[in-house]
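Q: When you get a sec, could you build the whole thing from the sequences and use the hints?
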Amino acid sequence: MPDDTNDDTVEDGAPNAEHEATIATLARELGDGAVVESGVLGGANPGVASLVVRVRPDAWARAAHVCRSTLGYDYLCFIAGIDWMPMPAADEDAEGDTSAPVQPKEMTFGVAGSEGRFQAFAHVESTRVPRSGLTLKTDVDEQDPHVQSWFATYPGADWHERECWEMYGFVFDGHPNLRHIYLPSNFEGHPLRKDFPLLAREVKPWPGLVNVEAMPGEAGDDEEEAAS
Amino acid sequence: MEIVSTTDTPAFQIDPSINSLLADSQMNVELDDGDMILNIGPQHPATHGTLRLVVRLDGERVISADPVIGYMHRGYEKLTEYRTYPQITTLINRIDWLSSFANEVPFIAAAERLMNIEATPRALYIRAILTELARISTFLLFLGEMGLQVGAITPAFYGFRDREYTLNLIEAVTGGRFHPNYNRIGGLKDDLPWGWIADCRSTMRKMLDSCDEFEDLVLGNPIFQQRTRGVGIIPPELGAAYGVSGSNLRASGVDWDLRRDGDKYLPYDDIEWKVWTHPDGDSFARYWVRLQETRESARMILQLLDQLPDGPIMAKVPRIIKVPEGEIWVNTENPLGEMGYYIVSKGATGPFRVKIRTASFSNVSILPWLLRGIFVPDVITVLASLYFILGDIDR
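Just so you know, the sequences run in chain order A and B. Residue numbers are given in this note's numbering: position 128 of the first sequence equals residue 147, and the series is strictly consecutive. Residue numbers are given in this note's numbering: position 315 of the second sequence equals residue 1027, and the series is strictly consecutive.
Hints should not be assumed to be uniformly reliable.
Have a look at the derived ranges for each label pair, beta carbon to beta carbon [what the hints assert, rightly or not]:
| hint | chain 1 | residue 1 | chain 2 | residue 2 | range |
| --- | --- | --- | --- | --- | --- |
| 1 | A | A36 | B | D921 | 47 to 55 Å |
| 2 | B | P1036 | A | E37 | 22 to 30 Å |
| 3 | B | K918 | A | P216 | 47 to 55 Å |
| 4 | B | D911 | A | G135 | 53 to 61 Å |
| 5 | B | G1085 | A | G135 | 56 to 64 Å |
Just so you know, the hints here were simulated from the structure itself, not pulled from any lab data. Note that CB positions come from ideal geometry on N, CA and C, so glycine has one too.
A: This is the structure we're talking about:
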């Protein structure tokens, strides 16, 4: 499809004609108001623009079906979750890690927006059309995180949804077999949520100061000599 | 290999902690129809790491198979949130450890695109050369190992010998045999060492010869053909719906290669090459496609070396890397299949969220479907021919 080699008329961050057609098909097939918002991936670089469509949670499974049957996206790339909450700040005088990159303190949402903290997103591609790809997003309720499963449309969703359930606690309705995939089955908590601390970094200063021994002739050495 | 017979089920109360482990593998201990549960792995040589496969057998035939993964889960998606962009390349080297260099490329390309930096042409060419070298070394291990799994020892020696040549080349440029950590945002760490191009040319000619050798030694072998033909057939539509990618999907006749069909990330358009497909979709086809791709990669490297442009290897990059706010998805054709990074940046020195899409995870997820109804010895053939790396499954 995109034989266009990027007509530079497209404004940065705006969907091009081909994107508009995809959005129109999705809106038509999914019914009233199911397509909430759309946007384009790629940041400052419009040459690699890729479409993002946010659909209403109750149209999530149907959207997968439309992608596969009508839009021709026969290949499931991944399904994942995201937690938009900023990481809780460590205390000023905490012993823990201070080298981690500092992220903005206020909650902002990415391309195509979000209602709340949690979102599920997925990427599908077509093996027949070069340079194709569509990212779908949907909001997930914070108190009652339920998402419709894609298992019936893309069987590959099985493992991706198990991983997402384990890492974010999203319950995929219609998934036959939601159980732990990476972690032991008695593991508690959802590690990729932002309020789940990375304990190794919390309890030990980084980088590994405790492992540093005093070199001969340094301060620590002199004290020992003085004592003896 | 541990054999658990259902007739030996203990009568006493099962400890809750063990019970949860049993639930993990979906073992049905109540079963009384004489089915046997066989644990393949987690330390079976055919699994290249620690994959456990719980298969339920009726005689020699597999009734159901359930892969149990996660023995090597290192939580890279969480760790990336605590690190800066340059630090993350060290982590992602360890995802697919056989082709580490190819892992770095999509991540660096994603960061570059978000920052709107373009790597210099020479850097892109060297990236392409090293990516193809990584592909050759990964596939040579496969070409040898696959012979080993069906009972032929010789190809393994050939494979390891030739792989050593390519690893030496990678080591000469990057300083690391397995974990090069050689890509930088905007270019590369260093230029090629003196005399390397001539070395690489002669090694690639040697590779072309050894591919012929493999073709004679393995593909023409009637025993190998009997073991692999018609075994583990992946239908193209189902493979795509499962997210199977790379050579595994091309062996099912799907003409799709991200080097040609994806966003341009390396200068593959500048050279003449061909995407190989095979219509059969069985284990033999997967071996055949990888063998052709090894040869094609060697040809590609020879062309890339001929066209290698002069110039700097680093673009102008700010001293402290801060990636502007935005989201991006970059996927590339790695030796094992499609690898991609979905990066969410909030303008800091490190990413807010990185979704790492690895090839083996999706390739292996088709196993429960693929292994149903086949014989136990064929399980090993199918596992070997799918060719996965555990670090690439578990991340």
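Q: Determine which of the earlier numbered hints do not hold for this structure and return their numbers in increasing order.
A: Of the numbered hints, just 5 does not hold.
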